[in-house]
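The whole structure should be built from the sequences, with the hints applied where relevant.
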Amino acid sequence: MIIVRLEPEDKIDTYPKLNTVQQLLNKYDLFYTDALVIRDGELLTQDRKLNDGDEITLRKVISVG
Amino acid sequence: MKCKVCKAEAVVGLPSHNTAFCAVCYDKFFMKQVSEGIRKKKLLEADDRVLVALSGGKDSLGLMYALAELGYDVTGLHIDLGISDSSRKARAVVEDFCKDRGYALKVVELEKEGVPMPLIKKHINRPICSVCGKFKRHYFNKVALEDGYTALATGHNLDDEVARLFANTLRWDQAYLSDQGPVLPAENGFAKKVKPLYRVSEFESANFSFLKGIPYHHLPCPYSKGASFTGHKMIWRNQEIRSPGSKRAFYGGFLERGQPAFAAIHEKKKDYEVKPCTKCNCPTSVGVCGVCRVREQLADSLMASNE
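Line order of the protein sequences matches chains A and B. Heads up: the first sequence at position 12 corresponds to 12 in the working numbering, and the numbers run straight through without jumps. In the working numbering, each residue's number is its place in the second sequence (first place is 1) plus 1000.
Keep in mind the hints are simulated off the structure, nothing from the lab. Keep in mind that a hint or two might mislead.
Said to hold, decoys possible - A few chain A positions that, by computed beta-carbon distances, are all more than 10 Å from chain B: (1) Ile-2; (2) Ile-12; (3) Thr-14; (4) Asn-19; (5) Asn-26; (6) Glu-42; (7) Leu-44; (8) Ile-56.
What the hints assert, rightly or not - Under the rule of at most 27 Å between Cα atoms (straight-line distance), these lysine-lysine pairs were calculated in the BS3-like manner: (9) B:Lys-1089 - B:Lys-1122; (10) B:Lys-1212 - A:Lys-49; (11) A:Lys-60 - B:Lys-1212; (12) B:Lys-1225 - A:Lys-27; (13) B:Lys-1002 - A:Lys-17; (14) B:Lys-1089 - A:Lys-11; (15) A:Lys-60 - B:Lys-1032; (16) A:Lys-60 - B:Lys-1004; (17) B:Lys-1268 - B:Lys-1041; (18) A:Lys-11 - B:Lys-1004; (19) B:Lys-1225 - B:Lys-1136; (20) B:Lys-1002 - A:Lys-60; (21) A:Lys-60 - B:Lys-1136.
Claimed, not checked - Sample of chain A residues facing chain B (criterion: CB under 7 Å; computed from the structure): (22) Glu-7; (23) Pro-8; (24) Phe-31; (25) Thr-33; (26) Leu-36; (27) Leu-43; (28) Thr-45; (29) Asp-47; (30) Val-61; (31) Ile-62.
Small disclaimer: the values here were computed from a predicted structure and weren't measured. The beta-carbon is built from N, C-alpha and C at its ideal position, and this holds for glycine as well.
Spelled out as structure tokens, the structure:
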């Protein structure tokens, strides 16, 4: 199970299996420059592998005011 | 993905530059983008006293940090808009950041000034983002001039500048196109204004602030929903995905070839003079400045509603 915290929505989603950051971004129709992908305080590029038990923060970057 | 410089594991991939960086090399890349931007467009002198507008977001806090690291004399200025929960959180982020890093900070409270944004929104029938921007610019300039700062720096990034240029172009707004750019010189009662992040994208700025451990405020303003500015950013986001580097080319080309042409046309047509506002002495071309006119409208509306 992979837990994803979406920011700024402050919403939690869970996925039984995701192989890579790119697969995660695809779930939200995001390009890899749309959001920071953070695991354990570290930034992940789109080719990085995800593991069962990962807790990921997906922080969108477009500011609106 | 490996860092293009040192071959360590990359933490940031940048399609617009066709490269990727580890945290150490990304810091060098980002700081060079800022320092080269300042040098190339002559934004700041080494002895400038710089007032940095701090909203609490990634761009303004990252800018404050970068300018301090580059050795500039910086002081933060936060405008507390008085929007209950949102403004409290933003202000706390700014105050904590400045305290932790040892930066000087000034705060203007619009509640104390009699013009909190919720009151304006309730009584003034104009787009709130436009009025809010007007008040923020007014106080940025006022504090900069009254307290002796020689430059006012804002955290506008490449995406902000491209969206603004796009909006100005859609209207073919000669006046705005004639002076859009990363520096506006001090003149006619206006402080020098600079945008040292004009070469870095929103994504690049977010990465920098994260990697520097800057705990920025990332909640959107509750009043900004549906702003046209956001729609323009999305158009350019899609263009950048199709053609990486489009934003840099569009804005860079404008600064090099477009802005000088519009400035020349506008100079010939200019039929107004900037003078001090007859009420508050701040510069304006229309007798009573926009901020004082909003204040008058607000007073009339409050009187009519007996608030």
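Each hint, compared with the structure:
The Cβ of Ile-2 of chain A lies farther than 10 Å from every Cβ of chain B, with a closest approach of about 20 Å, so its non-interface assignment holds. Remark: the non-interface label on Ile-12 of chain A is consistent with the geometry, its nearest Cβ contact in chain B lying 16 Å away (cut-off 10 Å). Every Cβ of chain B is farther than 10 Å from the Cβ of Thr-14 of chain A; the closest lies at roughly 22 Å, confirming the non-interface assignment. Consistency note on Asn-19 of chain A: stated as away from chain B, and its beta-carbon is indeed over 10 Å from all of that chain's, at 16 Å minimum.
Even its closest Cβ contact with chain B, about 13 Å, leaves Asn-26 of chain A beyond 10 Å, as expected for a residue assigned away from the interface. Not every CB of chain B lies more than 10 Å from the CB of Glu-42 of chain A, the least distance being 7 Å, so the non-interface label is violated. Residue-level check failed: Leu-44 of chain A sits 7 Å from the nearest beta carbon of chain B, not beyond 10 Å. Against chain B, the non-interface label of Ile-56 of chain A holds: every CB pair exceeds 10 Å, the least being about 14 Å.
Only pairs whose Cα atoms come within 27 Å are accepted, and Lys-1089 of chain B paired with Lys-1122 of chain B is accepted, the gap being roughly 22 Å. For the proposed pair Lys-1212 of chain B and Lys-49 of chain A, the alpha carbon gap of about 24 Å is at most 27 Å, so the pair holds. A hinted pair counts as satisfied when its Cα atoms are at most 27 Å apart, and Lys-60 of chain A with Lys-1212 of chain B qualifies at roughly 18 Å. A C-alpha spacing of about 24 Å is found between Lys-1225 of chain B and Lys-27 of chain A, which places the hinted pair at or below 27 Å, so the restraint holds.
A hinted pair counts as satisfied when its Cα atoms are at most 27 Å apart, and Lys-1002 of chain B with Lys-17 of chain A qualifies at roughly 25 Å. Under the criterion of a C-alpha separation no larger than 27 Å, the hint pairing Lys-1089 of chain B with Lys-11 of chain A is consistent with the structure, at around 19 Å. For a cut-off of 27 Å, the pair hint linking Lys-60 of chain A to Lys-1032 of chain B stands: about 25 Å separates their Cα positions. Under the criterion of a C-alpha separation no larger than 27 Å, the hint pairing Lys-60 of chain A with Lys-1004 of chain B is consistent with the structure, at around 25 Å.
With a C-alpha separation of about 24 Å, the suggested pair Lys-1268 of chain B and Lys-1041 of chain B falls inside the 27 Å cut-off, and the hint holds. For the given pair, Lys-11 of chain A sits about 35 Å from Lys-1004 of chain B by alpha-carbon distance, which is inconsistent with the 27 Å threshold. With a CA separation close to 19 Å, the supplied pair Lys-1225 of chain B and Lys-1136 of chain B stays within the 27 Å bound. For the hint linking Lys-1002 of chain B to Lys-60 of chain A, the alpha-carbon distance of about 23 Å falls within 27 Å, and the restraint holds.
For the suggested pair Lys-60 of chain A and Lys-1136 of chain B, the alpha carbons sit about 25 Å apart, so the restraint of at most 27 Å is met. With its C-beta approaching chain B no nearer than about 6 Å, Glu-7 of chain A sits inside the 7 Å limit, and its interface hint holds. About 5 Å separates the beta-carbon of Pro-8 of chain A from the nearest beta-carbon of chain B, less than 7 Å, and the hint is met. A cut of 7 Å between beta carbons decides the hint on Phe-31 of chain A: the least distance to chain B is about 5 Å, and the hint holds.
Hint status for Thr-33 of chain A relative to chain B: holds, with the closest Cβ pair at about 4 Å, below 7 Å. Restraint check, Leu-36 of chain A versus chain B: the minimum CB separation of about 6 Å is within 7 Å; hint holds. Look at Leu-43 of chain A: its Cβ gets to within about 4 Å of chain B, closer than 7 Å, so that hint holds up. The interface hint given for Thr-45 of chain A is met, as the beta carbon of that residue sits about 4 Å from the closest beta carbon of chain B, less than 7 Å.
Here the hint on Asp-47 of chain A is kept, as its CB sits about 5 Å from the closest CB of chain B, short of 7 Å. Here the hint on Val-61 of chain A is kept, as its CB sits about 4 Å from the closest CB of chain B, short of 7 Å. Residue-level restraint check for Ile-62 of chain A holds (minimum Cβ-Cβ distance to chain B is 6 Å; threshold 7 Å).
Hint check: violations occur at hints 6, 7, 18; the rest are consistent with the structure.
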